[in-house]
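Asks: Protein chains in written order, with numbering that gives the first Met the number 0: chain A, 0 to 327; chain B, 0 to 343.
Hints should not be assumed to be uniformly reliable.
[As the list claims (entries may be wrong)] Restricting the straight-line Cα-Cα distance to at most 25 Å, the calculated cross-link-like pairs of lysine-lysine (BS3-like) are: (1) Lys139(B) - Lys61(A); (2) Lys158(A) - Lys262(B); (3) Lys300(B) - Lys278(B); (4) Lys89(B) - Lys61(A); (5) Lys139(B) - Lys158(A).
None of these hints come from the bench; they were simulated from the model.
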Amino acid sequence: MAATSTTPSAGPISGSRSFLSRLREGDEIARIITSLFAFSVVLVTLLLVFELWHGSVLSRHKFGFHFFVTSIWDPNSGDFGALPFIYGTLVTAFVSLAIAVPLGIGAAIFLAELAPQNISDTLQFFIDLLAAVPSVIYGLLGVFIIVPIMREDIQPFLKSTLGFLPLFTGPAYGIGFLTAGIVLAIMVIPYIVSVSREVLLSVPRDQREAALALGSTRWESTWKVVVPFARTGIMGSIFLALARALGETMAVTMVIGNTPTISASLLSPGYSIAAVIANELGEATGDLYLQSLVELGLVLFLLTFILNGLARLLIVLTAQRGSEMGRT
Amino acid sequence: MRMKRFAGVALVVLAAAGAIWAQGTLQITGEGATFPYPIYSKWFDEYHKKFSNLEINYQSQGSGAGIKAVTDGTVDFGASDGPMNDDQLKAYSDKHGSGILHFPTVLGAVVPIYNIPGVNAALTFTPEALAGIYLGRITKWSDPAIASANSGVKLPATDIVVVHRSDGISTSYIFTDYLAKVSPDWATKPGKGASISWPVGLGGKGNEGVSGLVKQTPGSIGYVELIYAVQTKIEYGSMKNAAGTVIKADFASVTAAAAGVAKTMPDDFRVSITNSPGKNAYPISSFTWLLIPAKFTDSHKRDAMKGFIKWAITDGQSFAENLSYAPLPKEVVAKELKAIDKIQ
Chain A
0 MAATSTTPSA GPISGSRSFL SRLREGDEIA RIITSLFAFS VVLVTLLLVF
50 ELWHGSVLSR HKFGFHFFVT SIWDPNSGDF GALPFIYGTL VTAFVSLAIA
100 VPLGIGAAIF LAELAPQNIS DTLQFFIDLL AAVPSVIYGL LGVFIIVPIM
150 REDIQPFLKS TLGFLPLFTG PAYGIGFLTA GIVLAIMVIP YIVSVSREVL
200 LSVPRDQREA ALALGSTRWE STWKVVVPFA RTGIMGSIFL ALARALGETM
250 AVTMVIGNTP TISASLLSPG YSIAAVIANE LGEATGDLYL QSLVELGLVL
300 FLLTFILNGL ARLLIVLTAQ RGSEMGRT
Chain B
0 MRMKRFAGVA LVVLAAAGAI WAQGTLQITG EGATFPYPIY SKWFDEYHKK
50 FSNLEINYQS QGSGAGIKAV TDGTVDFGAS DGPMNDDQLK AYSDKHGSGI
100 LHFPTVLGAV VPIYNIPGVN AALTFTPEAL AGIYLGRITK WSDPAIASAN
150 SGVKLPATDI VVVHRSDGIS TSYIFTDYLA KVSPDWATKP GKGASISWPV
200 GLGGKGNEGV SGLVKQTPGS IGYVELIYAV QTKIEYGSMK NAAGTVIKAD
250 FASVTAAAAG VAKTMPDDFR VSITNSPGKN AYPISSFTWL LIPAKFTDSH
300 KRDAMKGFIK WAITDGQSFA ENLSYAPLPK EVVAKELKAI DKIQ
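Looking at chain A on its own, in the form it has when it is part of the complex (with noise of 0.2 Å):
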């Protein structure tokens, strides 16, 4: 994000001389060195592409397309079907975001615009610590805080106010889509948060000095020129926290039931793919049952890829459609 344009890149200028004198002074050691760093990202990344495809054979062989469109996971009869997994992941991924994208950029807003600079920072170290929390905890607090709550007194008001909709039907268990949703959101808030501040904080004065002499309100110049002009960066801190939300294990096991089932209602138990892989690896006998844990991984694999894409695709359409505004 902060590649600046004063440092010279170290391209043009080497070219110019020879290999041995670049060797000597030590520009060309330090290039293959951090070169070599950086390739080993992409060499770990398809070095795990390809343990997953080649660890996946016999239940890609046998189930095919079909393992992506069936909702049946029985490990005595040998039928395995990704469906309910997926829809569960993106359910409970969904649902976070809807949550924590909203309050999370509030949040970021309020820290990086209004809020004055020492009761800013004071917060950010909150925020900051929250995203260092492990998952388990959470989880923990999911369980004895969240659960109870959404069991007694959320789901039920759910249920007698907005019941005519399929989305909240269904006994109240209290676990389900909807609670590993809030959880997740609790976790994903500080990514947004605190990418989002600095994203906001990095938009240059002049453009909110512009907005005010043009006559605007401070909120006017806040929603109407700094946030626009921070979009991209902002879209950035949402994907992240959908990378992380997509990915979590055990905050997610711990309260969405474990129950491999696909239903419109939110107060219905599902299940992850992430869950469902931490759950049943160790215990997992047999080459196929072990096999479409493994092929569960790619198609997690996959769903990550796909959706970091369209992310990017909105990020190049949103910053064009900003460059054009800006033209006007």
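Following the hints, position chain B against chain A.
Replies: Same frame as chain A, but now just chain B:
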């Protein structure tokens, strides 16, 4: 699963390096069941105190992982809460040219726990009631199948919320093994296994996940390991056993379950002791096994392993009750002592 193999190889290399460095310290590695881990680590520790030149390292990764590791040959021995099936034994002998031996070490049990508002009495479950509840056919606490075994207890007509373990684990294996024995319907579908396709209910992660859900959800029923119920002082229900006795799980009734099948026990010890015929036997009990290769290439390791098993099933049993495991009955110990000679 290549990673696992790498990890295994790395472990072996490390162990080998450690062995050279420690000059004469023999290192034996094992992997497997999590349920007996507390007593195994106590045993390895105590045994190391007796023989300081022997170190046994044990990774509690789960029974499935233990069977896989010993078959792959990345560890010296495995451990499992369920016996290896014929396919797994064949896979082992195809690869190594010799067999694998099962040695029961201690006993565990699974107990039903429940939370019914207004009911404080200890409940008794018949096999039919328990299977009916977990099949989703009995849905109310006031169902005659439950009430008939609990005369004098007023059961409400509320819905039953069924809770099971979500992490594939021996607790579920033992529980479903029992249900498959007492209910023909359960045996056809969903069947027995560490992870199965449950007909109804919510999945809780770990003993604490199940007991947490049961504690919080009015009208719920779940199952946990006896050890966990004893250590956290959770009230649990009694079972009606195969002889018709109402029995509550404790060390004596679990050991009695093993004694009940001792006479008919096959020589390879691969036997399920759920629904044991003994009069005082608790029906949802199980052995946990060490999986020992029948042929060792390293004679030092072989002798050390034989010595350890002999100690564990005799003197080592005195550590069991303190850690809430039921000790092996004498008949089984006597039979095992003979079987140790099969290790070559």
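Asks: Okay, which hints does this one fail, numbers in order?
Replies: 1, 2, 3
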